[in-house]
Structures are given as C-alpha cells and as structure tokens.
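Peer 1: Sequence lines, in order, name chains A and B.
Take the first sequence: its letters are residues 1 to 597, numbered as in my numbering.
Take the second sequence: its letters are residues 1001 to 1616, numbered as in my numbering.
Be a bit skeptical, because a hint or two may be false.
[As the list claims (entries may be wrong)] Only pairs whose alpha carbons sit at most 16 Å apart, straight line, appear in this in silico EDC-like list of lysine to aspartate or glutamate: (1) A:Lys457 to A:Asp444; (2) B:Lys1243 to A:Asp444; (3) A:Lys111 to B:Glu1250; (4) A:Lys211 to A:Glu248; (5) A:Lys211 to B:Glu1151.
It should be emphasised that the hints constitute simulated quantities derived from the structure, not laboratory data.
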Amino acid sequence: MWIFSPLQRFRWAKLTSIQTQLRIIWPYYLENRAGLRWGFALLVLSNATAAAIPYLLKLATNSLHHPSDPTRMIFFALGLMLLALFHSLLRIFGRIQVFRVGLKIEYELRKAYHAKLTNLDSSFFMQSRTGDLISRGINDILAVRMFIGPGFLQVTNTFMSYCIILPVMLTLDPLLTGLALLPFPIMFGLTWLMTKHLYQLSQIVADRFGKLSSFIQETLAGLTVLRALAVEPLWQHRFDQANGGLYEANLRHARLQSFFPAMILFGGALGVWIILAYSGPRVVEGTFTLGDFVAFTGYLSMLIWPTVGLGWILTILQRGIAALERIGVVLNASPMSPSAPSLAQPIRWSGNISIRHLHFSHATHPVLQGINIDIPSGAFIGLVGRIGSGKSTLLALLARLWPTPPGTIFFDQQDLAYIDEASLRHNLAMVPQDSFLFSASIQDNLLFGHPLAGEEKAWEMARFAALEKEILQFPQRMATIVGERGITLSGGQRQRVALARALVMETPILLFDDIFSSVDARTEATILQNLRQLTHGQTLLMVCHRIAALREADAIIVLDQGRIVAFGPHTQLLIESPLYQNLHDQMQRQEKLETLT
Amino acid sequence: MRPVLTAHTDETRYGHFLDIRLMVRLFHYVQPHRKWLWLALLLLPIGILAQVAQPWMIQRAVDHHLATGQMAGFGFVLLVLGGMAVLQMGVGYTQSTLHALLGQRMVRDLRMALFDHLVHQEAAFFHQNNNNQKNQNQSGQLTNRLTNDIEAVSQMVSAGLIGLLGDFLLLLGITFSMFLLSAHLSLVIVVMLPIILLTSGFVTQRMRLLQRRSRQLQSSMAGRLTEEIEGYQVVRLFQRQQKNRFLFDEDNRNYLQTSLKSNKLEAFQFSFVEAASHITIALLFLYAAIPSIRQAVTVGILVAFIDYIRRFFFPIRDIANKYSTMQAAMTALERIFSLLDSPTTLVDPPTPLPISELEKGRVSFEQVTFGYGQETILKGITLDIQPGEHVAIVGPTGAGKSSLIKLINRTFDVHSGQVLVHGTDVRHLALPQLRRLVGVVWQETFLFAGTIADNIGLMDPAITPERIRWAVAQTGADTFINALPQGLETQLAERAADLSTGQRQLLGLARVLAFDPVILILDEATSSIDAISEQYIQRALQTILATRTALLIAHRLSTIQHADRIIVLSNGQIVEQGTHDDLLQQNGLYAQLYALQLRGQTLGDESPRPPLFFKN
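Whenever a hint applies, use it, and build me the whole structure from the sequences.
Peer 2: The structure is reproduced here in structure tokens:
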C-alpha cells in the first residue's frame, strides 16, 4: 500500500494548481463555449451512428447466412453505406469544430503572450533567457492547443463510445463482453504509463539534441583555437560521446515507442480470439448467431482506439497543464514601471532637462551617486568619463530604460516617473551603444519609430548620418535586407543606421551613446557638421570619446565613479580638470595613430 | 570551383521521392550493421504472414466449424490463431526496434563522419565560403547540416525505408490472400483501391503544403520573438510595441488560417478511410448477395474480407505519410553528401619529417608570396628569425601582418616560396606537431562553455591539473581566478560575459602556455585591454618569453620598443627593419609613428604603456 500514498498526495497538490492554471484560459473558454457545445453535440451523434454500423453488419451477415429475400440485402447494404457516410460527416464536422476552438485559443493566447512581452521592461528581460521565452511562446502554447482540441475530442469520444457501445454489447452477451474487454484496462494502463515515460524520454532526446547542437556550433565557432593547438582529436572524442549519448536516448525512446503498434494490434487480435473461442461452441449450439459474432468483433474494434487514445491523452493533458503554468508566469508578470495613460496627442516639449539628487544602483553596486544638473533646451552637452563611470546608465535612466526614481529627473518641469510613454517617446530619442538592428530592409530600420514617414525621410536622415552614398552602392538600396542584428553591414554602417533611425524621430531631446566608436575621422567630421545644422534647437546629450565632437559641445560633463567631477566647455576643462586633460590626451593620441596607420 | 554548399534551407525545396544514387551511397553506412539489416529483412515476410494468416484462420473457423457445427479441429484453429497473434506482436515489436536501431546507428555514423570532416577543414574552407554571398551564416548553416539534415535522414531510415517496403509487401500479401479466398469479391477491392489511393494521395499532397507553410510561419513568429526580446530596448525607445503587435498578429493570423485549412483536410482524411472501408464492406455484402456469386461466397470469406479491409487501410495511410518524410530526407542527404565531398586542401604530408632539434625555435620566410583568391597580400617576404629572438611587426592596416603570421602554423599555405620552422619546410612537418610548437594569442580569446580549467587545458589529458595551475600562476591569472568562489572550476557563462577583456586575454595566454610552445605569436593580444591588465600581461611575458622565440603584432609602439628587431610592413613588403634605435635613425614610417607616441606622453600625465619586451 505504501506506493499509493505519495501518489495520492501528488494528485491533490496537482488539483489545486490545476484550478489556478485553468483560470488563464477560462475567458477564452467562455468566448468559445458555443463552438465547443456544437462540437460536443456532433461528436455524440457521430458515436451513436457508429454504434449502429456493427448492428447492420450483424443483420447483413445473418441474412447472407440464411438467405431469404435478396432485396433485404440491398436495403442493408445501402443502409450501411448511408450510415457510414453520415457517421463520417458527423465525425468530420465534430472534429473540425472542436479543433477550431483549440486553434482559436492558441491564436488568442499567443497574441496575449506577445502583447505582454512588448509591455515588459529591462528588469524582466535581464532575468530571462531568450530561448526560454521563445519556447514558451511557441511550444507551450502549442501544448495548450493540444490540451483543448485533441484533449476535449478524445475524452468525449472515449466517454461516448463506452456509454453507447458498452450497453449494446452487454445486452448481446454480458459474459462475453466482460471477457473480450479483459485486455482493455491493461492496454489503457500501459498506454498511460508509457506515454508518460515516452514524454520524459523525448525530453531527454530533445535535451541531448540541443546540447549536441550547441556543441557543434561552438566547435565551429572556435575551430581556429582548436586547430592552432591541434586538439581536434579530443574534440572529436567529445563529439563521439555526445553523439553516442543522443543515439542511446533515441534508441530508448524508439524501443518504447515500438511497443505501441505491436500492443494495439495484439490487443485487438486477443479480443477477437476471445470472442471466437467463446462464441464458437455457442454458435454451434444455436444460442449465438454468426451475425452476433460479426457485430461483437465490430464493437470491439471500435473500442480499441478510444481506450488507447485516453491513455495517450492523459499525458497530453498533463503537459497542457504544465504549459499553462509556464505561460501563466509570463502573463502574470507586471511591468516594473506602470506609466500614465498616453495622451491622444503628445505635446512637444521645449527640451530642458533637470536632474536632482539622482542615485542609482545595479543590485547592490552603486552606479550613480547624487547627480545634479540643469540642461537648458537647445544645449549640446558632451559626457565623458572612464569605463564604468556611469555614463551609459545616466542615458538609460533619462530614456527610462530602467525605472526612474520619482522626483529625480524632470523634462520641462514634469517628473519623468509620471510622464506617459507616448509623450516620452515622441520627445526623446536615443542611440544606444550597441547598434541593434532588425533583420528587415534598411528603410524599415530607418523608419523603425516612424513607419509612415516615407522613403523621402529615410533618405534625408541617411544623408545626415553620412550613409547615403553607401546605401546607393547596394544593389537594392533602401530595400537591402540587413540580416539578423544587421550582420551584413559593417560596424560603422550599423552605427550610422542607428543614428539615422533616431534622427528620423525629430525629437526635441537626443541622447547619443558613443556613436562614433566605429566611424572613421572624416565621416565623423561630416556627421558633426550635419548635426550642427540639423539639431538646431534640439537638446543633445552625447557620450563621446572624440575630441572634435567635444570641442563642438556647449559644455562637457566629466563623470567619475558616479559623480559629476567637472562641468564646463572644452577649453575651460582643459585647464581646470586633470581628469579631463588625461582623457583628452588619451583620445588625441589614439586619433593621431589612427590617421597615420 | 563548384559550389560546396547549396544555400537552400530545409523548407524551400523538396527532392525526389527516391534517388537511387543517394541511396546506394547511404547503403555504405549500413554495411557495418548489415547482419541487423538481414535480420530485419528476414522478419519482414514472417510478420506479414502472421498478419495475413489471421483472417484466413477466422474464415476457416467460421466456415468449417461455426457454420457447419463441426467442433473437431476448432481447438487447433484457435491455437494457430492465438499463435499468430503472439507471433505478430513479437515480430512487430522486434521489427520496429530493429528499424530504429539500424536508423539510429547509421545516423550516428553519418553525423560522426560529417563532424570529422568539418573539424579537419582548414581556414581556407571557411574563408572561401564566407566570400560567397550565399553563405553569410556559415557556422549556422553547417550546424544545420549536422543536426536538422541528419535528423531528416534519421526519420526516413528509422520509420521509413524498411517500413515502406513492409507496407508494400503487406498490401501485396493482403491482396493476394483475398484473391485466393475469392477472386469474385476481390473485384470490389480492385474498384475501390484506385479511388482510395488517389484521394489519399491528393489530400496528403495538399496537407504537406499547408504543413510546410505552418512551419514557416511558426519559425517566422519565433524569429520575431527572438529579435524583439533581444532588441527590447530599441523596441521601447521607438515605441514600436503597437506596430510589432500588428506584424506579429499578421503571422499569427495566417498561422491560424493555415491551421484551420489543414484541420479540415486532416479531419477529412481521418474519416475518409473509415467511411471508405465501411462502403467497401457494404459493397461486398451487396455483391455477395447476387445469386450467381452467392454460391462461391461463404459467410467465413466475408468475415475474413471485413478483417482484411480493416487491415488494408493502415499501410495505405502509412505510405502517404512516409512520402513527405522521404522527400525531405533526399534533399537533406544531397546536401550532406555534397558537404562530405568538399575536398580537404591542407593535409598532413604522407611522410612527415622529424623535427630538427638543432635549429629549435628558428622561423624563416624565403621569398614568400601569399594572398586570398585573386588578391595578393604578401609580395616576396624574406625574413629569418633566430631561436629566442623577439620580433615585432608593425605597419598600417592591410599591410599583411596577420597574414604573415598565419603562414607559420599553416593556417594557410604559401602561394610560392617557403616557410621554415626549425629549419624544415612547414609543409613537410606533421600538422599536429607543428601547431603545438607554435602558440598564438589573438586579439580576442575564444572561450568554450565549461570551466576555466577546461578552457586552459582544452580537456587534453596530457595537460595535467598541475600544469594548468602552473600556467595560470605564470601568467598572473591566478589573482582573479582565486577570487572566484570555485576558482579554476568556475563555469563560464554564455559568451563568458562575466569576464573582462583583460581577464580573457590572461586566460588565452595561460592556455597557450599550458601547451608549452617553442614559438609564441601575439596578434594584437593587448590592443583591446586596459593599461592595468596590460601591466599584468607584460609581467607574465617577461618570464614566458625568456626561453622562447616570439613574434608580436602591436598597435601601441611603446609596448614593442625593446624588441630585438622591429619589422615594418607596408603593402605586403618589408620596408624597414632593425632595432628601435636603428629605425629612429632611418627616420621613416616607424620614426613618424614613434614621434607621435612620444608627444602623447609629454602632453598628458598618463603613464606610458609598459613595454611588452625587455632587453634580455
């Protein structure tokens, strides 16, 4: 008995969580209630008609055995055909109906999942792995569809088959029914156990397959190293092991899977054998007709699939529940900074920025420690400092990529923490340090924030970002696809596309994070010249390691260890700030070397 | 040169149903396991016999015993029937297991052959393919060959090939038995069969197209999710959520429409076979009732026919399903074999010469020219580096610095002239030996998933834990490694994001040192790290270089001024060489570069970068 108690506890624990999991799809169920009811009705009818088919077979067999009136056979045969057609139509429509509900819910759920992801922010994404989120959005939602469509269908079919066929069989011969169905509970139990185990084995296969794939990918990426140290044989050995592991897992899975068809065929054959052995003597005695024999084998064959199917579907249902939980975690996540409702028509700001006592920490590590500054509208401010001084974090906070502490950042005297998203994005554009592009055309990337701006605008801003000539050289120009993350472009080109993408927004505030790092000096000069023309009246805050750009700035903020240590124009800082002088000399040397070599 | 790879993805193209040329070649991989193949083939007729005999026995039971009331011999019929059922189960199970075994073994061997082939491909292979516009994502494409393509073959082999043969044989066996039982009634089958086959075939064809579209849409959605998750900051900055939702919804909606269509076909196909079998049975009854036929048809025959018809539809459905598996596998096989056929250009000499101990550590270039494709990079380089000499190479970008050092360990082969290591032409040395003589530290150190220790010893059993600890201590990397909670056993995260560039370079240096090279090459090894890390490396190098020949490429001139010799490369030729002082006197390119550096030092108060070389 000891084996049952933990199982029972396990099931209770499951049941309470099932209720919470099902709450996620409850609204979708309500929406599709009518469809499911229709489907249910059709399935019930199809099962009822199915039960009549063996009965007609019985009548036909008896009529063939004791020929009386040949026209009766025409009647039976036509009846059988019509019934078969009718049954199939009912089954087709029932199945379409039920599966359609599953597909619709899959669609709705995926839509909701995607919408949720677009609403979450840095704090969520920093903790999640990309692959995991995608797997939830694709595979788990698929598992929920299986839970609803085939799950509902199979449970209904099994239930109805037994409800209708079992009484018929019992009226024909209760003892034979009991005997013939003897293998069925075993088949059901085995199927259930094996599908569960099979699912675990398939997880192992998928896991090993994934590991082998990443091993291959890594090996190919690091082949230079492996070759240079002549350790290829070792890596081949490691591959053989991983490959062998996958082979083992595949084989175990296949072995278990092989058992199914064999078992189903044997179960059916055993049933027929029992019927034959039992009914043989009775037919001879005359208490059982040949027609009964035919009908019985017919009924039995109709119960095989519902029985095996139920065992299989239990595993699908369990997976569906687990998938619901995984999806629910994401759907129930709340964005850290709920923003105010967006205004219908965002107001254009003048572009002045005030920062008051801004402190910020990543985990426990303080990054910014008391930033205070006022930037008037239309100013061009440079931002310099060593690596890790907090420059990028300051820009990210201004752009609200991290939640802003209330009362610290003000645009046009409005607290950033309470500004609605649409107003913020219409008034502030940022070029982040890593120029992340999307695998779309250059034009789509340029007009990313302004899809309706038109090709003219794309060309205009490409010109300002000194990109026009290069785009003209691509065979497909603006329609050139840039590949994943913009891989087909050079680093400098990516950086300029990202710049132009921000310029297209024509916002009063622009934040640039190190936009010249992959751009050569001449192009940089061109862009600077263009920017001066273009950004007339726009507030520009630029993290920068280039002297030419810093000379242009109205003032420069020097950051060190999260504090502003100096502030003023280039010439003043060169005299006053040792840190700035130091940084300046480093930059100068670097630039000179570049022009020479 | 013919293209090595076709750029089609798995979904864009389907091959022939059966390509004999490919199958013959695939058969080579079955050779080692052929005894299993024979067993599988032997079981095929036994399994079919066990299936086909059952309705036959039922017919006997009905006609000879039940209908006539003759009970003698009924027990024997039951015994045979039961025996056949057991046999069918046993053989059926063994068969599927055997098919899986054969398929999986073959796939394992094929994957291994492909991996071995790829690992032995030299830089030129990847280089050449990278220039080909079609193969931008090389490592991704190749990984695809080794995983998805092989998987497609695996599906064909384990579920398909022998099974397909079995399906055809079973159909044949059933048809044959039916004819034997009653040629008259078999006419019904002859009428129904083409209708069923054609309809099934048509529906399967349509379904396959829809399923392919489904998969495409699914991967498109996965792609969108990936990009949006990776670029979530940009999405937020440009307030693209609305538009992205719209675009995603387009895919999602198309996916729904496609699924709804294939849902209908699937439901039809599922019930069509069932309806068809019932209609066939009805026709049988009708036909059997015709008085002239009636005489030849017994109830037993009819019962057997009903049973046969139920068994008939399994293989038909199976064949329809296997069709698309076969097509996908044929395309995959074609790509796999064409990859296996790509020649390995850089090979070990048939009889490698032993490494001379006399000139250990000497590297010489004699009239070396080299380039990629049409472009010539190095134009007649002659250079002799003595054992223990420390040489720095400077020059503008594109001068050929990196190409020059890549010839030493035969990453590439020279076009003309020769490169000698230890006084022997590198092409006459065994590759593994040559490569362990030469250690290279690149601008970026590639780290593998695994522990720090794994990354230093690369899991070579010859590199003992003591040697790893020694290498780590020599480079000074132990300072930061010991600070980690698990020390050398610390697992490195994806792309080793938790290590700084400087730390990674120290690991790269430790790795090279663990393999104890005689010649050490530093290719911009310190150019992307900060001054403090560079100081560590400089200290490490001081001891490491004392006994080794060294070649160094560097941007920062302060790091190389104590080199024994400085080579200035420009446009693929050596334009200046000599010690730092010699070159300053020559007042050429080097002197210009150095003047700039000097001014930088006097202007700023930052301490100059420490030299990587010291006078010995």
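Peer 1: With reference to the structure, classify each hint as holding or not holding.
Peer 2: Cross-check of the supplied hints:
{"no.": "1", "hint": "A:Lys457 to A:Asp444", "verdict": "holds, 12 Å"}
{"no.": "2", "hint": "B:Lys1243 to A:Asp444", "verdict": "holds, 12 Å"}
{"no.": "3", "hint": "A:Lys111 to B:Glu1250", "verdict": "holds, 10 Å"}
{"no.": "4", "hint": "A:Lys211 to A:Glu248", "verdict": "holds, 14 Å"}
{"no.": "5", "hint": "A:Lys211 to B:Glu1151", "verdict": "holds, 15 Å"}
In the structure shown, no violation is registered for any of the earlier numbered hints.
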